[in-house]
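Q: Residue numbers (our numbering), protein chains in the order written: chain A, 1 to 279; chain B, 280 to 558; chain C, 559 to 837; chain D, 838 to 1116.
Treat the hints with care, as some may be off.
[Said to hold, decoys possible] Below, a sample of chain A positions facing chain B; criterion: calculated Cβ distance under 10 angstroms:
(1) P97
(2) T101
(3) P139
(4) G143
[What the hints assert, rightly or not] Cβ-Cβ distance ranges computed for the label pairs, FRET-style:
(5) F464(B) x Y1063(D): 38 to 44 angstroms
(6) E909(D) x N248(A): 30 to 36 angstroms
(7) A723(C) x G1045(D): 51 to 57 angstroms
(8) Y1063(D) x P697(C): 46 to 52 angstroms
(9) Y1110(D) x H460(B): 58 to 64 angstroms
(10) G56(A) x P697(C): 51 to 57 angstroms
(11) S615(C) x R451(B): 48 to 54 angstroms
(12) D830(C) x P251(A): 56 to 62 angstroms
(13) L419(B) x A734(C): 55 to 61 angstroms
(14) E230(A) x G679(C): 29 to 35 angstroms
(15) D998(D) x P697(C): 27 to 33 angstroms
(16) P251(A) x E415(B): 49 to 55 angstroms
(17) H460(B) x P870(D): 48 to 54 angstroms
(18) E509(B) x Y696(C): 34 to 40 angstroms
These aren't lab readings, by the way, just hints derived from the structure by calculation.
For glycine and all other residues, C-beta sits at the position ideal for the given N, C-alpha and C.
Spelled out, the chains give:
4 protein chains.
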Amino acid sequence: MCRWLAYSGEPLRPSTLILDAQHSLVAQSLNSPLGAETVNGDGFGLGWYPDGAVAGSVPALFHSIEPAWHDENLRELAENIASPLFFGHVRAAAGPPIQQTNCHPFRYDNWMFMHNGFLSGFERYKRDLVLAVDPELYPLIHGTTDSEVLFYLALTLGLRDDPVAGVEAALRKVEAVARDHDVAFPVQATIAVSDGATLWAFRYSTQGMTRTLFHSVDIPTLHQLYPDAERLRVFGPRARVVVSEPLNDLPGTFVEVQESTATILDAAGGYDYRPIMAA
Amino acid sequence: MCRWLAYSGEPLRPSTLILDAQHSLVAQSLNSPLGAETVNGDGFGLGWYPDGAVAGSVPALFHSIEPAWHDENLRELAENIASPLFFGHVRAAAGPPIQQTNCHPFRYDNWMFMHNGFLSGFERYKRDLVLAVDPELYPLIHGTTDSEVLFYLALTLGLRDDPVAGVEAALRKVEAVARDHDVAFPVQATIAVSDGATLWAFRYSTQGMTRTLFHSVDIPTLHQLYPDAERLRVFGPRARVVVSEPLNDLPGTFVEVQESTATILDAAGGYDYRPIMAA
Amino acid sequence: MCRWLAYSGEPLRPSTLILDAQHSLVAQSLNSPLGAETVNGDGFGLGWYPDGAVAGSVPALFHSIEPAWHDENLRELAENIASPLFFGHVRAAAGPPIQQTNCHPFRYDNWMFMHNGFLSGFERYKRDLVLAVDPELYPLIHGTTDSEVLFYLALTLGLRDDPVAGVEAALRKVEAVARDHDVAFPVQATIAVSDGATLWAFRYSTQGMTRTLFHSVDIPTLHQLYPDAERLRVFGPRARVVVSEPLNDLPGTFVEVQESTATILDAAGGYDYRPIMAA
Amino acid sequence: MCRWLAYSGEPLRPSTLILDAQHSLVAQSLNSPLGAETVNGDGFGLGWYPDGAVAGSVPALFHSIEPAWHDENLRELAENIASPLFFGHVRAAAGPPIQQTNCHPFRYDNWMFMHNGFLSGFERYKRDLVLAVDPELYPLIHGTTDSEVLFYLALTLGLRDDPVAGVEAALRKVEAVARDHDVAFPVQATIAVSDGATLWAFRYSTQGMTRTLFHSVDIPTLHQLYPDAERLRVFGPRARVVVSEPLNDLPGTFVEVQESTATILDAAGGYDYRPIMAA
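Only chain A is shown next, with the shape it has when bound in the complex (with noise of 0.2 angstroms):
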């Protein structure tokens, strides 16, 4: 239902990604050919660790209801800061009302959360589902999306002690209680989450045909397929982005995540990737 992407690496303008690329994030706002919906104008999110910032530090987030494509605070934004991890997220809405609360990411102490999807049903079990949410945590529920009870659900459910664990609790809650409302197929979702130096990327849906979500190959490997590449030079040699889909067209640029996988980009550079949600 949207289209996200997650950077990790020396610090970057956001701006490079977001904005610049051929297929930045603001170009699939108004058009994502691999998208369900291809056009996300229902207003878009960047939460990013300042740069420079020690570990543990709660990270700033930029929310607004306007598209992303005309929206003059965003560029001034993304041009004028620079982080190591930054998250950012373009919306098409399919239920709840456009408004800030409901703009991706969300974030918790030093920990952000961001999703493309659905669950399915939702209206159906979201008290269910609110009511599993550890009720010290319940009041800091401020929108009205899935994609924040979700987040709610893992916090809940040890995301903070094991993210990779946390979600998968979350999303197996998720299929049970789903199941008690006859929901076939819940869980849509490429799911992304950072404490500040980790990267988890989650690529699953109950059904199996999840939306799509990439990877970049790394930056050395680019240098040697691309020598002449002046657009790489900005890049450091651990920048990596997890992406909805490709931000350009260069063959080799981009690596598909497999279904039912998490992929952990830790700060050291490199990828590690772990099958979630096995039966």
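Knowing the structure of chain A, use the given hints to seat chains B, C and D on it.
A: This is chains B, C and D only, laid out in the frame that chain A set:
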């Protein structure tokens, strides 16, 4: 925390009371002498039963997060519709975010509801109140205010059958739940409710120190008091308004609503009073 | 760059055409098959002469910078007013910022004006055009679009006395000024103008390749064509609409307006055509 | 009509002055004791030269039409950037519409400009002033305020070569044009201008009764005055602020800027004063 007015009578342009009165609702949004806050700039709402609509019709809503004093659309709309029963509300937010879903009035079928005041300590017991809402109604809560939860609680507890009893039951439920969380004086409320035919206005606080509420004197009496007042000619004989503070300085025009009282305006004209929340 | 529709006839809820039609204006805002841009998400406007207003009355305006497809206020309003003559416009901005003052329709006294298209190279000769506006009218230009300048130019050059001559004079003025700045094909325009009684619709571009414009076939003919069409019963015998692209796929319902033509709809019903901009 | 502050010194989080000070700019937006209007809720702007940017860099802008007191994005941004020179402005609109293009500060290349006050009778002579703007600069006027026209007039008349002379020439031009239109006291202005290195602050009105303007005392002096003040430790020895009204009640912290004076803050620290508009 807010200012509101509710009109019942012959079809009237809302601008007459919302924009043109000496102390119009929009004037009060910038400066409300009797308000707990002098500025009510955190959005507003207008709800109206269209002129000529059949009994049981759903009212129309206009919600905006702009300050009322500079919203051009509010001016255009208020001058170009006419309604026999409308609500206007300007908000001074006390926590919940400024977004259209948090703007009053709230609506359920042909019912409208708005509130000035707050439920003290709401975050501490919000979850318990939300759990007390009928699960069928729960998915219809779109915003995050205490006021909207209070409305859905009243709907759950009989508002549609007996508005006075329904609101009383909701207020008692809040007081019971708040007491369990050691909140001494939870309710601060002036409330307006309508089904499109009758208007109910409530003034109540646990502590017995409720925000001000006034209603206008009947128009025939006002004509006798001020036989030369040009401005009064726009009003029909059944025109009545209930409002957080008087719309003008003319002595004898507005009467204070008593504490712990429901004031009832039916379509025939006149006022009926009923004590509420007696021990 | 935009899509618009103009209705004249028996009082009608704008929602009938703006929201409920098969290819309603709001549907076109997300996807306009015949548009130069497929997305028209940069604000919208609704202008209407209130039902029952006297001749010469000022129309009401509702302007918003939100995409039309997710604006709740537009829905509420369009379903709860009725008007014998209204304009709707969804914008795809081509430079000038997205702000309410740049939303169509524009208004001067009882006149409304809206435009789809652009003045090519406008920034190069805007100053000269603005200088050609009557200094008395100049302070009333509130936005920064080429369209609004075109309106004030037409007002300066006789629109109020003879709308066809006034618009022609304005278009010729643009062409003359643009020629001085070496712009070959400056005008691209479909335009609607009304004084509250008559509706004038123009289709013209310097190059003779104007954006599409259609008008509906008269209702009695449509009833003969589609005797069983439930949907047509909402329309009175004088109902007519001019629109950037057809509102439905029913063969025979919409007729293309010719190039270099003004189409005139007076209150009596029917269409009148006049060639414009003949050499 | 507005309130503003301008900071120059060691890189600082804008939130220190805009949000956290006793009478911060956001506090002044709701209640400015020395203001001509007590509420400045008609949008705001933040303009900043990014920390580490090279000389001549273009500043970043954040403009919003929401009241500053409830804008979450302003909070996030002001707490998560640092800047050696930034402007903050809260607006109380006196006519021109509330839209981002009317929010201060305005920008041209590496220059920023903001204004508190008004040009009296502006609508009567706006056209003449706009005609006096360099035709090359004319297309860059994006909004509709007197302030922006004043900025472009100053740019036309030499601001970039000599800011004091350029602003003086612009003010004299306004006074001459206004006199031709029989406006007695046209200028009411406190103005801030910067090129990213130096900050110029002006206080002038034709009548000699200009809105208040203050600058802070130098930090070493403040440390001597208040050796135990924890709050002062966040400021470096070159930290200086010019502001519409004092940010706190500490005696000796702020000094009033004299009438008809330009105050100049260069990068080295300290203040320089120059009389302006002498007959």
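Q: The structure should be examined with respect to each hint, and the outcome stated for every one.
A: Each hint tested on the structure:
A cut of 10 angstroms between beta carbons decides the hint on P97(A): the least distance to chain B is about 5 angstroms, and the hint holds. With a cut of 10 angstroms, the hint placing T101(A) at the interface with chain B holds, because the nearest CB-to-CB distance is about 5 angstroms. At a threshold of 10 angstroms, the smallest CB-CB gap from P139(A) to chain B is about 5 angstroms, leaving the interface hint in force. With a cut of 10 angstroms, the hint placing G143(A) at the interface with chain B holds, because the nearest CB-to-CB distance is about 8 angstroms.
The beta-carbon spacing between F464(B) and Y1063(D), approximately 40 angstroms, falls within the hinted interval of 38 to 44 angstroms. Roughly 33 angstroms separates the CB atoms of E909(D) and N248(A), a value that falls within the hinted 30 to 36 angstroms. For the hinted restraint 51 to 57 angstroms between A723(C) and G1045(D), the CB-CB distance of approximately 52 angstroms keeps it satisfied. In this structure the hint that Y1063(D) and P697(C) lie 46 to 52 angstroms apart at CB holds, the actual value being about 51 angstroms.
Judged by the Cβ atoms, the range 58 to 64 angstroms given for Y1110(D) and H460(B) holds: they are separated by roughly 59 angstroms. Between G56(A) and P697(C) the beta carbons are some 56 angstroms apart, a value that agrees with the proposed interval 51 to 57 angstroms. For S615(C) and R451(B), the Cβ-Cβ distance of about 51 angstroms falls inside the hinted range of 48 to 54 angstroms, so the restraint holds. Look at D830(C) against P251(A): about 59 angstroms separates their beta carbons, and that is inside 56 to 62 angstroms.
For the hinted restraint 55 to 61 angstroms between L419(B) and A734(C), the CB-CB distance of approximately 59 angstroms keeps it satisfied. Under the hint 29 to 35 angstroms, the C-beta atoms of E230(A) and G679(C), about 32 angstroms apart, fit the expected range. For D998(D) paired with P697(C), a C-beta distance near 32 angstroms keeps the hint of 27 to 33 angstroms intact. Checked against the given bound of 49 to 55 angstroms, the beta carbons of P251(A) and E415(B), roughly 54 angstroms apart, stay inside it.
Look at H460(B) against P870(D): about 38 angstroms separates their beta carbons, and that is not inside 48 to 54 angstroms. Judged by the Cβ atoms, the range 34 to 40 angstroms given for E509(B) and Y696(C) holds: they are separated by roughly 36 angstroms.
Hint compliance for this structure: hint 17 alone is broken.
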